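Residue-level listing of the chains:
Protein chains: 2
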Amino acid sequence: MTLDEILPDLRRQSVDVRHAETGLWAASMLRERISGGQLAPGAKLSEEPLCEVLGVSRNTLREAFATLAGEHVVTRIPNRGVFVARPTADDIREIYRVRRFLEPAALTWSTTSPTDALHAAIAHARAARSDGSVPGMASANQDFHAGVVALTRSDRLNAQMTQVLAEMRLVFHSMVADPLFHAPYIDDNAVILAKFEAGERATAAVLMVDYLRRAEQQLLEAHARA
Amino acid sequence: MTLDEILPDLRRQSVDVRHAETGLWAASMLRERISGGQLAPGAKLSEEPLCEVLGVSRNTLREAFATLAGEHVVTRIPNRGVFVARPTADDIREIYRVRRFLEPAALTWSTTSPTDALHAAIAHARAARSDGSVPGMASANQDFHAGVVALTRSDRLNAQMTQVLAEMRLVFHSMVADPLFHAPYIDDNAVILAKFEAGERATAAVLMVDYLRRAEQQLLEAHARA
DNA sequence: TTTCTAGCTATTGTTCAACAATCGAATCGA
DNA sequence: TCGATTCGATTGTTGAACAATAGCTAGAAA
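These protein sequences, in sequence, are chains A and B. Counting from 1, position 28 in the first sequence corresponds to residue 28 in the UniProt record's numbering; the numbering is continuous, with no gaps. Counting from 1, position 4 in the second sequence corresponds to residue 4 in the UniProt record's numbering; the numbering is continuous, with no gaps.
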């Protein structure tokens, strides 16, 4: 989907909305559209039309761009402009490198264990699988893994995980994903959670590393085909 | 590469360093001063004088502020201004929460192990201890722990660690640090490295967690006194 | 025809000046 | 002393201007 197609949508949301921190508001506006897939990876974000539609000045929009660039959501090419980030194979490897440290570490060394959110995520995933809802499975799966990192109770690590999962969405948007990608992993998650709750944290961590390795491999193969 | 091809690059670097990156340049300028301690925690960064000194416009300076705020180097209070971040006790806890996941994880699951940089850091720390150089010990200690995370070979995790260590410098700047704070930990680092190289990764990780807990405790006590 | 070069154009990078919004402090009245 | 009000300084945001750059286009050279 190109920029021109979502301009009306953006314009609708920006009427009548006054905010204290306009730059951050503009950033969140764009972030939503990018995460949601309405702005496809590689799409150019031209300043002039965006200013007009969001009702902010170029200076303010550029503050938003600075924020989004810091989150790797957007790529800035000097004198060329700002583009929705398009993850490369190396980006996929880096994403999974981060996850293979963060998630097992959370399982191994977290001190608190309110696992309600994890159970809920698995339940949602199974329901979505029954309904054949691919977005539902994807979303529930992300919730599960975000929940694992949430066990750390660290804002910074959670922020990093959120960022990485946002990039994961870009990966899915940038290639024809296998509709059944998430389906087989739902039960893996359930097993990992069971082991964790049984106190077998080392086992849970090992299973998580294994899961992440398989998922990475599968995504890299799909990426190579595209 | 021919002369004609490098001329534009040369011109950009020598004549005017500042097209397409002035904001980032200003950010690095301020980051340097803050990390170096010339700008103390809590100091207000007024826009007008800074613009004048850096020779950039307010808009460009604000882009730099957006970058630094994203790094937690600087705190933005709406309608009040931008201030050098002053770490609270909770910030210290958060910093060590991050480190207690990142560093043991690096020791446990990193696949490569070029430990030259770690040995060098320990050697530097010992030399600094002999010289009675507190900044030398502090810097070498940071190098060691940055080196541990570097074992992950993940740019993102390294960036996170760099950020956290920058905040550690703010912690030290914001209170009268015990000159001997780093001294006893040098040998802890050496033991951790030895265990790691002996393949006893779990032991190394446990020792690291223990080290981080003690350091956190010590800093929290010093912070409470201040 | 092809290729190369020199302008042209559209867009980004940066600055400036202005105004609105907001906070803190000084002031004033009880 | 205390609270409310005014005032001044600083930040938040804008619009317009100019500089610099990449890519395109048309024309010259082969």
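If you're looking for bench data, these hints aren't it; they were derived computationally from the structure. Quantities reported herein were computed from a predicted structural model and do not represent experimental measurements. Think of the CB as a built atom: it goes at the ideal place given N, C-alpha and C, for glycine as much as any other residue. Hints may contain errors.
To be verified - Now the stretches of chain B that chain A is said to cover, found in silico as 3 or more residues with beta-carbon under 8 Å:
1. 35–46
2. 84–98
3. 147–160
4. 184–198
Status of each hint after checking the structure:
Coverage of a stretch by a chain is defined here by at least three residues with a beta carbon nearer than 8 Å to that chain's beta carbons; for the segment 35–46 of chain B and chain A the count is 0, and the condition is violated. Look at the segment 84–98 of chain B against chain A: 3 of its residues bring a Cβ nearer than 8 Å to a Cβ of that chain, three or more, so the hint holds. Interface restraint, the segment 147–160 of chain B with chain A: holds (7 residues with C-beta to C-beta distance below 8 Å; minimum three). Counting residues of the segment 184–198 of chain B whose beta carbon lies closer than 8 Å to any beta carbon of chain A gives 0, which falls short of the minimum of three for the stated coverage.
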